[in-house]
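Those sequence lines, one after another, are chains C and P. Per numbering that gives the first Met the number 0, the first sequence starts with residue 0, numbered consecutively. Per numbering that gives the first Met the number 0, the second sequence starts with residue 0, numbered consecutively.
Hint data in this document are derived by calculation from the structure and do not stem from the laboratory.
Okay, derived cross-link-like pairs now, DSSO-like style, lysine-lysine, Cα gap no bigger than 30 Å in a straight line:
| no. | chain 1 | residue 1 | chain 2 | residue 2 |
| --- | --- | --- | --- | --- |
| 1 | C | K78 | P | K232 |
| 2 | P | K367 | C | K102 |
| 3 | P | K367 | C | K78 |
| 4 | P | K205 | C | K186 |
Here is how the chains run, residue by residue.
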Amino acid sequence: MAQAGGVPCPEAAPGQPCVFKLVLLGSSSVGKSSLALRYVKNDFKSLLPTVGCAFFTKEVGSGAASARLEIWDTAGQEKYHSICHLYFRGANAALLVYDITKKDSFLDAQRWLRDLEREAPPGEVVVMLVGNKTDLGGQREVTFQEGKEFAESHRLLFAEASAKLNHQVTEVFSAVVRELLRREERKSQAQTGDRGLALTGAPAGQARCCAH
Amino acid sequence: MSLKSERRGIHVDQSELLCKKGCGYYGNPAWQGFCSKCWREEYHRARQKQIQEDWELAERLQREEEEAFASSQSSQGAQSLTFSKFEEKKTNEKTRKVTTVKKFFSASSRVASKKENQEAKAPSPSINRQTSIETDRVSKEFIEFLKTFHKTGQEIYKQTKMFLETMHYKRDLSIEEQSECTQDFYQSVTERMQTRGKVPPEKVEKIMDQIEKYIMTRLYKYVFCPETTDDEKKDLAIQKRIRALHWVTPQMLCVPVNEEISEVSDMVVKAITDIIEMDSKRVPRDKLACITKCSKHIFNAIKITKNEPASADDFLPTLIYIVLKGNPPRLQSNIQYITRFCNPSRLMTGEDGYYFTNLCCAVAFIEKLDAQSLNLSQEDFDRYMSGQTSPRKQESENWSPDACLGVKQMYKNLDLLSQLNERQERIMSEAKKLEKDLIEWTDGIAKEVQDIVEKYPLEIKPPNQSLAAIDSENVENDKLPPPLQPQVYAG
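Use the sequences and the hints to build the structure in full.
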């Protein structure tokens, strides 16, 4: 399909809140939707979906650093793996969710990461690894250490959470948003040479020449 | 004109075959009954006249539109008046899409609203009129809308006009280049509004929607499924594919929707209607709205079935099922058109973008779909695909009582036939096996015999030992008691 680099966001005009797109990745029934629902529900300001819970938006940050976070849930079944790269287009962040009581889901999360990195070069997308269902600690198959080590070796953010007990859920999303805003700030501070700025700067130049 | 030539085709009269100008050569209906030479002359004259007219018309239209913009006076009357002119002109127009027309136009620049003239040259008058009426309505709305923005509005109007003009010259370029141009235009207008016009962001969004509506209504005809691309081929391919997959059941896709609930089946029907309706819209955003509406109905259907809000794990399979069931027309063309000409911020983010992405996923999945993704064996999948059998057959026992008797009987017979077929195949294969075994057996025996014959060649030795020597080895012969002698007893 057409333009791949036309990421609309973060170059929004002053005063206009940025839109961050976050995709939820992970096998089915690891609790992707539950995490998002828990996070969004806890905030009375956010728009609750009336029917489905696959797409959410939430206002984050405050003042000059305010932004809108869009959460895109994806289908986690094995058979959709090959087409899910379509969701990655224009994503600013990704949450790799696995179930700590299922080793397979942890391996799947690693596969998602490979897919993601094939679409977007590492470093452009903020990726966080999340081990869900800490409430079922007794049946744990993936240790905290394993998760942490994998995350560190791939430079991912990492946390364990429980959507059921609402433990660490807000913290997970806040960490991602904080990282996004930090990168945004760094990008706007950097003058030249920064890849992020160069990318978003290019279309603007084209536009000017086409308008005449 | 075309009608006339058709009629002529039925009753051929020798005199009618000759050139209308009477030069003695044969004429050709394609040249309006002239011979090639006279037609060229005639055509050239008509063309010159037409160009002249077009110029005048274009200028007048330009004036009218500017007036309409300045005052709130409706331009509808004037617009429809010009149509009688167009009709006239069309009689001169023989072939559609004559490239020379374009050339003439590209040579004569600075006519801002030549667009309308082009619009009028569509092949069918009725379709053309309809299109133009809609175009007019959209233009009027656009002008009305921009009026609320005073000076900024005027500037936007100018820019949009200019863009449409450039797009006209770019009509021969590839669709990707045209798409790029449009995207650049969206971006530059947005930037201008933000930096120069100081328009607040929510208003920018609204204006952008209107601009998109205005320009895409006008460009639609030229950029939707253009002949230069293989969009149409892809449309047909996916259509054929979906048709071949007619046997896929909701169970195979794990669709969490129970169509036996009437409310749910209503939702499914509505969702299908929405996705089919997408093709009838001209503006990318309207097409997106159809997808979103369809998705909402799907969510409702799942919610009613499962009694809890659906997640993406439920949604995507259901969307795939809806697409398979609906087989929406020109699916690929629509997706391509939206991707190329929609404001990118709508595609990458936002609810519409999310559902659109899901639709793209659904289409990609359908294209790649195989036995594994339906939890079927390769054998079954191939049989269903080739139409040899249908998965519904297995459910024949569970047919509802009101199902037609004939249909039931037919399925029973089909069942029987396939069983017979299977048996016959089995017998055939076993017979073949037996034949093979027999051949192997005789061969084997022959070989064995041969081997043994080779191993133990037949040698007949002369008998060199006398029979008496049988116990010659018996060394202790002499130790044996003497043989019993017959004795005679007297008595």
